Amino acid sequence: GIQVEQSPPDLILQEGANSTLRCNFSDSVNNLQWFHQNPWGQLINLFYIPSGTKQNGRLSATTVATERYSLLYISSSQTTDSGVYFCAAQYAGNMLTFGGGTRLMVKP
Amino acid sequence: EAGVVQSPRYKIIEKKQPVAFWCNPISGHNTLYWYLQNLGQGPELLIRYENEEAVDDSQLPKDRFSAERLKGVDSTLKIQPAELGDSAVYLCASRTMGYSPLHFGNGTRLTVT
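Keeping their order, the protein sequence lines are chains A and B. Every number in our numbering is 811 more than the matching position in the first sequence, counting from 1. Every number in our numbering is 19 more than the matching position in the second sequence, counting from 1.
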């Protein structure tokens, strides 16, 4: 099946800083999503982005499918951005596979 | 639009006891997933349904786990008997057919003592 790798595994930021999270995947994808898992365990859908660029407030994401990677940008980080960020990828009729996540802590 | 609803939120049982989790997907979502998430790891697929048909259950430990989605809407995941290693968060997710965003419920945190 498809392999999904995320980097960095852990990230500590000062409030107000910007960051870039990376997701590499091993095959062409039909589905690529970014999720935020908050400290209470809830998985929140951030972006559905199999290709191209999308923005939502302080967050934006870019997927370059031909080069098999996706980036999640967080600008002007806030303490509420803390949690774990997952990307998940799917190709053809296979299952959606999650990466190992990036654990983000934003300090006030 | 209501999200994916799961119950219970928490469950504590002794080993060898049975346990069941319930999921109600978003209205109109034909595809339903059960995932397992261990602490510090990403979710791992247990089973996927297209309507009432289980189309991918290769990761489901069938000796003790079972699932059903009889009318193609609600789903139940059962473990019998539970083992200590089953302690985890069990997540349900749904989406429309094809390639569309996946939406998760809040999960059921199972502790087996």
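The set of hints was computed from the structure by calculation and includes no laboratory data. Being a predicted model, the structure only gives us computed values, none of them experimental. Be aware that a few hints might be false.
[To be verified] These stretches of chain A come out as covered by chain B in the derived footprint (C-beta under 8 angstroms, 3 or more residues):
1. 856-867
2. 877-884
3. 889-902
4. 909-915
[Unchecked claim] For the chain A half of the interface with chain B, some residues (derived, Cβ under 8 angstroms), not all of them:
5. P850
6. Q853
7. M906
For glycine and all other residues, C-beta sits at the position ideal for the given N, C-alpha and C.
Here is how each hint holds up against the structure:
For the stretch 856-867 of chain A, the stated coverage by chain B holds: 3 residues have a C-beta nearer than 8 angstroms to a C-beta of that chain, and at least 3 were required. Using a Cβ-Cβ cut-off of 8 angstroms, 0 residues of the stretch 877-884 of chain A lie near chain B, which falls short of the minimum of three, so the contact claim is violated. With a cut-off of 8 angstroms between beta carbons, the stretch 889-902 of chain A has 3 residues touching chain B; three or more are needed, and the interface restraint holds. Using a Cβ-Cβ cut-off of 8 angstroms, 4 residues of the stretch 909-915 of chain A lie near chain B, which meets the minimum of three, so the contact claim holds.
Interface restraint check: A/P850 against chain B, minimum CB-CB distance 13 angstroms, threshold 8 angstroms, status violated. Interface hint at A/Q853: satisfied, since its Cβ lies 5 angstroms from the closest Cβ of chain B, which is below the 8 angstroms cut-off. Contact between A/M906 and chain B, as hinted, is supported at the beta carbon level, the nearest pair being about 5 angstroms apart and thus within 8 angstroms.
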